[in-house]
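Novice: Chain by chain, the residues run as shown.
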Amino acid sequence: MTFGTVILIGLKEVWAHKFRSLLTMLGIILGVSSLVGMAAIIKGMENGMRETMVAMGGADKVLLEQQDVPVEQEHLADQAPGRTMADVTALQKSAPLLRTISPEMRIDRATLTRGEKNSNPSECVGVYPSVLEMNLHTLAHGRFFTDLDEEEAKPVCVIGTGIRDDLFGSPEQTGRDIIPIGEVVFINDQPFTVVGMFERYEGEQQRKQREAMAREPEQTQAGPSRMRGFGRRGGNWAFDRKNQTVYIPLNTAWIRFRAAGDKDGIPDPRLTDIDLKVTGMEELEPALQQARNVLMMTHRGIEDFGFRTQEGQLETINQQIRNARMSGGVIAAISLLVGGIGIMNIMLASINERIREIGICKAVGATGTAVFAQVLIESMVIALMGALLGVANSYAFVRVLELVTPAANAPVITLEAMLLSVFFSGAVGIVAGLFPAFKAARLHPIQALRYE
Amino acid sequence: MPLVELRNVSKVYHLGGEEIRALDDVTLDIETAEFISIIGPSGSGKSTLMHILGCLDSPSQGTILLDGVMIHNASSRELAAIRNRKIGFVFQFFNLLPKLNVLQNVELPMIYSGVGGKVRHERAMHALEQVGMANRAKHRPSQLSGGQQQRTAIARALVNNPRIIFADEPTGNLDSHTGEAILQLFRNLSQEGRTIILVTHDPEIAAVTPRRIEIRDGKVAEKVDIKLAGLDRAPIPTAGDITSLPDACR
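In order, the protein sequence lines correspond to chains A and B.
Under this note's numbering, the first residue of the first sequence carries the number -2, and numbering increases by one thereafter.
Under this note's numbering, the first residue of the second sequence carries the number 29, and numbering increases by one thereafter.
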């Protein structure tokens, strides 16, 4: 019996009982769309997390953290030097496995003002130019700090677009992209000249959304404006945070904000952060050991520091994704299984209806194998049709999901999920068809012919 | 050598511990190109005999030689192949597949024997021409009259060029006029040299065939019941060979 004929007969059978077939397929349709939808959500989550990771400086960034001294050194705790420029110089000179070292001196509670407007940056930090590489910043306009700026502690700053939006107005409000190079802003009442501005950082989804918004003309809205869906509409917090950055030269930060002393009148020479990047991820361990040795020298053996790598964070993210995948997969597998049971049920009913027909086929010479194959293929046809409808349905499903998930995690339909679900449904169809097919193949021709 | 040789064939059913001998020690020869009717009241075992001869069932005891092949202990797979190549069935209730059209119904046996699409179509059309149904090839069984359905069924039985054609009460569901036409068709086929076995309880139909086998209580009746066999109704051929009959009787 040719394969094409059997498939044709199967399709005819499906078409002859349209409603019944649809109900049967519903299990598979829902199973497939939940599998594809689930995979799309997880993919969206993954993308969001990856983007966050990059926005925070990439996976190879290592934070040199201040730590409490170990128990056996507790009596030396008040002599702990903390992280200072001495550490940075020593590391630069003696730790060749470190590619980039970026010292940071943060100005706490900084406020930027310009006329009536003010802005609270996510971080207002004195930095070396190496911070660009460290935090993966890209300068869109103007320049970054020169050695002269650093040497003379010039009152200059480089800002993110978020700060620009706050102080000068965003492109959405003003209708043009304001580039505030040369303008003067006040950081905690001290005048600074803006010499550069970073590009606008945003996730893939966010950018698409913004571009779509820009294409559409302003819509007049009746009533109060409201947000669609749940969650932060703003998108990825990591990008928002990055756009709110203000950088000034490290020396400027020291002279203008620290050297005058804090409330006790004693200047605090400690840095708030030292970030490191190693030459290669495979050399992470030796590089950190090298840095540790150098720092033990400068800290006179007091271990008041520690390293935090992003690797641990990456591992956590991967773990989360794996878990989500697992639970999603289990749910989808269960619904496909239920769909398979539905198919088996309907196939049993269907062969019961057609016992006479099976008898006729056997009388004219159909072997058990031929009958077996026919029932099996029919059940597979139902399952695969369900799978195709399910894939189509999943597009609609994902459209709905897009409305309720935050932009950074917008679900993405993947080809693998589709192929996997179609393949899996085919397998479910075969497994579900096995028992009915076996039953049909075993029918005795005479009894089948006499069946009323 | 006869086409079919039955030797001491019995078929025993067990129903709730009770033994029912549907066929009891039947010995029978059927020659090629014979036109035979198997007659007997319902429950006599004639259907069982037909099923065993038609390879739909296996006997409990005895040996059967069909076309030189021992079939009494063949597997169901081998039986299916024999049914497909050597045997054609015509049933009382036509037994056409309702979802296929006339042509597809006739093609069905060839699909199972793996005949290619083009040859299949040609042979099916040829068989339909033989029974005068070629102009209805695209119709569904439900759109046909009983006589037309039975002609389609006969075309299906013919299409694989079988050695024997079994017809189980082929006129049972037809009015007498249509039934007569169907019987005429069988007579024509018989004259073309085909072996045809009619199973019936109706003496009038049995009267058509030159040879009659009467089954009573699972055994071949030694003496044919004149009335049951329809022999009291002339004209009857005396010789077994129908070709020796005068033209008027054909």
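A couple of the hints might just be wrong.
In the EDC-like style, the derived pairs of lysine to aspartate or glutamate whose C-alpha atoms are separated by at most 16 angstroms in a straight line are [as the list claims (entries may be wrong)]:
| hint | chain 1 | residue 1 | chain 2 | residue 2 |
| --- | --- | --- | --- | --- |
| 1 | A | K9 | A | E354 |
| 2 | B | K127 | A | E350 |
| 3 | A | K114 | A | E10 |
| 4 | A | K274 | A | E62 |
| 5 | B | K127 | A | E354 |
| 6 | B | K127 | A | E10 |
| 7 | A | K114 | A | E62 |
These are calculated hints, taken from the structure and not from any lab test.
Novice: Are the hints correct? Go through all of them and say.
Specialist: The hints, checked one at a time:
1. K9/A / E354/A: holds, 15 angstroms
2. K127/B / E350/A: Distance of about 13 angstroms is within 16 angstroms: holds.
3. K114/A / E10/A: Violated - the C-alpha atoms of E10/A and K114/A are around 73 angstroms apart, more than 16 angstroms.
4. K274/A / E62/A: holds, 14 angstroms
5. K127/B / E354/A: holds, 10 angstroms
6. K127/B / E10/A: Given that 16 angstroms is the threshold and the Cα spacing comes to 8 angstroms, the pair holds.
7. K114/A / E62/A: Measuring from Cα to Cα gives roughly 35 angstroms; hence the hint is violated.
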